[in-house]
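Chains as they are written, first to last, in our numbering: chain A, 1 to 149; chain B, 1 to 390.
Incorrect hints may have been included.
What the hints assert, rightly or not - What the simulated footprint calls covered on chain B by chain A, stretch by stretch (three residues with Cβ under 8 Å from a Cβ of chain A suffice, anywhere in the stretch; the number is not a length):
#	segment
1	154-166
2	194-207
3	246-255
These are calculated hints, taken from the structure and not from any lab test.
Glycine included, each C-beta is placed from N, C-alpha and C at the ideal position.
For reference, the chains in residue letters:
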Amino acid sequence: MSELISDTDLVSMFIHLGIDRDSAEHFRGRIEHRLLINRCSECGTYHQPPRPICPRCWSTSIVPTAVSGNGTIDLLIFLHQGPPAPGVDYTTPYPVASVGLDEQEGLRFTATIIGSPNDEIAIGERVTLDWIDRAGIPTPVFRLTGDAS
Amino acid sequence: MSTSSRNPMKDQVAFAGAASTGFSAHNTERTPLSLAAEACTTVLRECGLKASDIDGICGPSTVSAGDVQNTLGIPEITWWANPPIPFVNQVVMAASAVHAGICDTVLVYHVPYRHAFFTASALRDPFRRVLAPIAGGGNPDTMWGPVGYTAWASRYIHEYQVPKEHFGLVSISDRSYARDNPLAAMREPITMDDYLNARMIRWPLCLLDMDVPVDGSDAFIVTTTERARDLPFSPVLVNAAVLGMVDANVEDQNVSLEHHGHHVVAKALEAKSDFWIDDIDVYFPYDGFTIITLNWLENVGFCGRGEAGAFLESNWDAEQNRILINGKVPVNPHGGALSEGGTQGSGHLREAIHQLQGRAGVRQVPDARRTLLTAGGFFYNAQGLALHRE
Ligand SMILES: [Zn+2]
Chain A
1 MSELISDTDL VSMFIHLGID RDSAEHFRGR IEHRLLINRC SECGTYHQPP RPICPRCWST
61 SIVPTAVSGN GTIDLLIFLH QGPPAPGVDY TTPYPVASVG LDEQEGLRFT ATIIGSPNDE
121 IAIGERVTLD WIDRAGIPTP VFRLTGDAS
Chain B
1 MSTSSRNPMK DQVAFAGAAS TGFSAHNTER TPLSLAAEAC TTVLRECGLK ASDIDGICGP
61 STVSAGDVQN TLGIPEITWW ANPPIPFVNQ VVMAASAVHA GICDTVLVYH VPYRHAFFTA
121 SALRDPFRRV LAPIAGGGNP DTMWGPVGYT AWASRYIHEY QVPKEHFGLV SISDRSYARD
181 NPLAAMREPI TMDDYLNARM IRWPLCLLDM DVPVDGSDAF IVTTTERARD LPFSPVLVNA
241 AVLGMVDANV EDQNVSLEHH GHHVVAKALE AKSDFWIDDI DVYFPYDGFT IITLNWLENV
301 GFCGRGEAGA FLESNWDAEQ NRILINGKVP VNPHGGALSE GGTQGSGHLR EAIHQLQGRA
361 GVRQVPDARR TLLTAGGFFY NAQGLALHRE
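With the rest of the complex left out, here is chain A (with noise of 0.2 Å):
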C-alpha cells in the first residue's frame, strides 16, 4: 500500500471520482498500478462498488485484493459528448466499458478502452488491464488483447 501519501493528498487526487473511507484503499491501489476490488476473507465473494461489509455474508473482514485485470467486455457505450477531462477529446467517440473480471461471474470494472480503433473495440471482445496518467492522476484503462472469448 501507498502508507506514503497522506489522507488529505489521497482525497484532492481522487475527490472528482467519489472517493470515501470505503473506497480509500482501492484509491491507494491506484497509485501504484494495482486494481484493488473488495474480497470477503470469509466466504470469498468479490463486490463492487467497496462496501464496508460484504453483501454476502455480512462479514466485515474485507480485503481490497489485487485482481488480474483481464476479462471480457460486458457493456459498451461511445461518448459523442461528455464531461470535460483532460486528454479526452469527444471529437473522435470516446469508448466506455464495463468489463466482466475472470475472477468472478458478473463482477464488472467499468474504464475506458485504448490502443485500438472503435470499430474494433465490441461487446464480448477480451481485454487487459493497463493504466494512463491523466493530468497526474493514474487511471486504469483496458486494451484489446486480440483473443476470442
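Knowing the structure of chain A, use the given hints to seat chain B with the ligand on it.
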C-alpha cells in the same frame, strides 16, 4: 421472499384532481417555485379547495414543501415530504400518509426544470447557474446515472440483435401523440429518417432517444376516496402502488436485462392490483430513454424478451403513425417524456388522471376506466401504479 399481495390501502385513497402549467423546451424567465405556485393554485381552484383545506404537502427534492406552504399561505400541515423522483415515489408517500391518517388532503407537486447541468443554453442563464451549481471535475469513465441506460441499450441490441429502428418507434409514437396535447413542449411530428439522422449523444443513443429538458409544473390533490367523492371531479382511486429494486442496483453491476427493478415492480403490482395489462384502457410506460419503454413493454408481459420492437410494429396505427395496442389502447397519449417533456413521470400521472376523469379533451379514450403507470428505470427507481375510477 415471496411477493406479497397484502394491500390494505387498496381504493382507500384517491386523486381528486390534476393540473399543469404546460411545458417549455426553452428557458422561461421563471423560478421553479413560480411554476409550482401556478400549477398548485390551479389544481386547488379547480377542485374548489382553499389553502386551509390542505394538511399535507409532497414534492420533489428540488423545491421544498416548506417553500410551497409559505408561498401558498397554507396555514398548518401535519405531514410533508420531498422524496427523490421519479414521481410515483411522491404518490406512494402521499397516499400512505393519507391512509395512515397522518394527514387528510395532500397537495402533491412536481417541477421539471431546465437546470444548468442539463443543457448549454440552461448553463448560460445566470439565475439557473446559482440555483444548481455544476459539480466540478468530470469523470467520463463511468456508467453512472443516465449513462447506464445507454450501456444497457447497447447490451439490449447485442443480446437480441434488434435494429435501432425499434427504439425509433418509441420516439416517433410519442411525438405523434404530442401533436394532440397543447401542454407538450415538442409537437412537430418526426419520421424514422429524422430519428436515424439525429445527433448521436452517447452511442447507441441519440438526441431523440432522450427526454426533453423542460420548464413546467404539475400539481395534484390526493385525499381519502370518501372525501374525493364530495369534490367536483370523479375520484381516481389508487388500486395499488409499488416501488421495486434489487440488490445489484449499481448501473454497471446490474445482473442482466432479465433481473432488475422492473421485474420486482411487475410482479408486486400484479399481485396487489385488481387488474392487469389485458384490462386497461390506456398505458403509461416510462420513456425517459427509449430503451426503458421497450423494456417495460416486455417486463409487464405485452411481449417476450427482445420483442418490444416487433410488438410496436404489429400494434402500429399507420394512419396516426403511433402505437395503439390491439387497435384501441393508447400508450403515453400526452406524448410522454420524449415529447411532452421530461417530467420524471408527473406528466404521465396527470394524463392518466385526466383520462380517467374524462377530461383529456381530443385525446380522450372513450370510457377510460383503468390504467397502469410503470415509471422509472432499471437500477434504483422502478415504480408502478394501478389507477381506476368507480
Ligand atoms: Zn462474505
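Comparing the hints with the structure gives:
1. 154-166: Holds: 3 residues of the segment 154-166 of chain B have a Cβ under 8 Å from chain A.
2. 194-207: holds (count 6)
3. 246-255: holds (count 6)
Going through the hint list in order, the structure satisfies each hint without exception.
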